[in-house]
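Participant: Listed here are the chains, written in short residue letters.
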Amino acid sequence: MPYIYIGRKTTHVGKTLWQLLGNLKDYGVGRLIIRGSQQRYEEPCFLRIARVFPQFHEPEDEPRKVAVWAENVFRGNRYPDLVQIMRVTRKHDFQLVPKEDEDRLYELAKVKRKKPNVVPNKRCVPPLLKELLFREAVAESKKIEEPELKLNLRKSKNNDAREDPTLPATEGLGTPPVEAACLYSNIDTYFQARQAGTTHPKFPYNRSGKLNG
Amino acid sequence: MASLLRTSLNPRNVLRLGSNIEPQFSPATTPWTQTVRWRRDRKPMWLGPSKSKRYWVPPRPNQPLEEKVELRRLFTRYKTEVSALHDLIKENMKEVQEKQKQALQFQSKEEEEAEWVECMAINDDWNAESAALREQRIARELEAVEERALQLKLARDEEKRKLAAELNAKVRAEKERSKTYITPENIDEAIEQALNTVVDFNYSIDLRGNKYIGKRTKPESQNAKRISDSHEPIKREIAA
Numbered sequence: 001m002p003y004i005y006i007g008r009k010t011t012h013v014g015k016t017l018w019q020l021l022g023n024l025k026d027y028g029v030g031r032l033i034i035r036g037s038q039q040r041y042e043e044p045c046f047l048r049i050a051r052v053f054p055q056f057h058e059p060e061d062e063p064r065k066v067a068v069w070a071e072n073v074f075r076g077n078r079y080p081d082l083v084q085i086m087r088v089t090r091k092h093d094f095q096l097v098p099k100e101d102e103d104r105l106y107e108l109a110k111v112k113r114k115k116p117n118v119v120p121n122k123r124c125v126p127p128l129l130k131e132l133l134f135r136e137a138v139a140e141s142k143k144i145e146e147p148e149l150k151l152n153l154r155k156s157k158n159n160d161a162r163e164d165p166t167l168p169a170t171e172g173l174g175t176p177p178v179e180a181a182c183l184y185s186n187i188d189t190y191f192q193a194r195q196a197g198t199t200h201p202k203f204p205y206n207r208s209g210k211l212n213g
Numbered sequence: 214m215a216s217l218l219r220t221s222l223n224p225r226n227v228l229r230l231g232s233n234i235e236p237q238f239s240p241a242t243t244p245w246t247q248t249v250r251w252r253r254d255r256k257p258m259w260l261g262p263s264k265s266k267r268y269w270v271p272p273r274p275n276q277p278l279e280e281k282v283e284l285r286r287l288f289t290r291y292k293t294e295v296s297a298l299h300d301l302i303k304e305n306m307k308e309v310q311e312k313q314k315q316a317l318q319f320q321s322k323e324e325e326e327a328e329w330v331e332c333m334a335i336n337d338d339w340n341a342e343s344a345a346l347r348e349q350r351i352a353r354e355l356e357a358v359e360e361r362a363l364q365l366k367l368a369r370d371e372e373k374r375k376l377a378a379e380l381n382a383k384v385r386a387e388k389e390r391s392k393t394y395i396t397p398e399n400i401d402e403a404i405e406q407a408l409n410t411v412v413d414f415n416y417s418i419d420l421r422g423n424k425y426i427g428k429r430t431k432p433e434s435q436n437a438k439r440i441s442d443s444h445e446p447i448k449r450e451i452a453a
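Protein sequence lines correspond, in order, to chains R and G.
Mapped onto this note's numbering, the consecutive letters of the first sequence carry residue numbers 1 to 213.
Mapped onto this note's numbering, the consecutive letters of the second sequence carry residue numbers 214 to 453.
Among the clues, some could well be false.
Claimed, not checked - Simulated pairs of lysine to aspartate or glutamate, DMTMM-like, Cα-Cα distance not exceeding 25 Å:
no. : chain 1 : residue 1 : chain 2 : residue 2
1   : R       : Lys115    : G       : Glu294
2   : G       : Lys292    : R       : Glu58
3   : R       : Lys91     : R       : Glu58
4   : G       : Lys303    : R       : Glu171
5   : R       : Lys143    : G       : Glu433
6   : G       : Lys314    : R       : Glu140
To be verified - So the derived label-pair ranges between C-beta atoms look like this:
no. : chain 1 : residue 1 : chain 2 : residue 2 : range
7   : R       : Asn186    : G       : Leu298    : 51 to 59 Å
8   : R       : Arg162    : G       : Lys264    : 53 to 61 Å
9   : R       : Lys150    : G       : Glu311    : 30 to 38 Å
10  : R       : Arg162    : G       : Lys303    : 39 to 47 Å
11  : G       : Glu331    : R       : Leu128    : 46 to 54 Å
12  : G       : Val295    : R       : Glu60     : 47 to 55 Å
13  : G       : Ile302    : R       : Glu171    : 15 to 23 Å
14  : R       : Asn152    : G       : Glu331    : 14 to 22 Å
15  : R       : Lys150    : G       : Leu317    : 25 to 33 Å
16  : R       : Asn186    : G       : Lys303    : 19 to 27 Å
17  : R       : Arg162    : G       : Glu311    : 50 to 58 Å
18  : G       : Asp337    : R       : Glu148    : 55 to 63 Å
19  : G       : Met258    : R       : Lys15     : 43 to 51 Å
20  : R       : Asn186    : G       : Glu311    : 50 to 58 Å
Stated by the list, open to error - Partial pick of chain R residues on the chain G-facing surface, computed with a CB cut under 7 Å:
no. : residue
21  : Gly14
22  : Tyr41
23  : Glu43
Treat the hints as calculated values from the structure; they're not laboratory data.
As the structure is a prediction and not an experimental result, all values here were calculated from the model.
Here a beta-carbon is modelled for each residue, glycine too, at the ideal position from N, C-alpha and C.
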């Protein structure tokens, strides 16, 4: 009889961590584990098991948990300290890496590594607010300066972004990345066609929003 | 920026805004609101999906990569700018508040102290005035209390005197009655007298209302006596 899956699909792929480690010699210390939900990244993400502490199986109708200390490699970057995972070990999301594939994964981590996100620390002030600040400076006979919005950089454990004060302040919507450049490819021709009073073949609507022809 | 804040924080503007909105339920007067998913008119969550939707799997959104990347970039950019604007407005607000605080501090320290001394003198005058009034009032009240106490004392004395007179009268009457008491000395006489005087309390009445004293007295006897002689006649119709 075929299985019928009900509900939404999950991104989890694999077994619980105890299902893997409980069957291995010395609880699999030294082995590599990958998580199914992290395979969406290009860079390799894996854990190297350092210490394992089995836990009581309670309540028994839920997946068994296990406390694990492991070296963490996330998106090619190795964390300096060991990480402890305990709660998430109940998820069916862990896969054991075969011993012959371990060297390949380490090599991949050396080559593919996520670069830190370099961001500017300022942004142009919106035009209306800019005008307001300008008028206020004139009214109070202050020195008129080019106003800037200071951006806040969020600092957290997993945020590797750093700010670069040499980057210029940008205005409006900014420039799209290379992957999304195709979204704006026809936009100039579209506006030219509208100004000329004709329609672009990809946008067959006239100025009043009705379909041509 | 400061002028914008001043305009928005002007109480006249706030009042004008508030007059158009229902005061009890307006978002301006509500301290905070929170949206919860469980509070709604539907069947409880633990009953699960209905039978018609049991095997229905909602389709995953199929978003092109370029669109996903671009929307994410625009959204994060927007959020960053708004939070930065929020901070800028906060800073300007601080400046405005500082200015307001400075505007309120218009006196020097010496002036403030002199004003304090003056205020204290006025306060002392007021205190003396009210103290005199208070003493007068207390004296007046004391007088009234004394007057009332005197009245109460007089009333109580009068009552006592009345009670003593009543008791005296009772004692005097009892002394008067004690002359006819039966004592061991005259008890024999009293017994003899009681035995000698036989009293018959029985009587009978005929249809005409005549009263005959004595248990065996006949109507013809001389002892017959009409009730009407001593009492009111019996108001009763005689049968024909």
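Participant: What hints, given by number in increasing order, does this structure fail?
Facilitator: Of the numbered hints, 2, 5, 7, 9, 10, 14, 16, 17, 19, 21, 22 and 23 do not hold.
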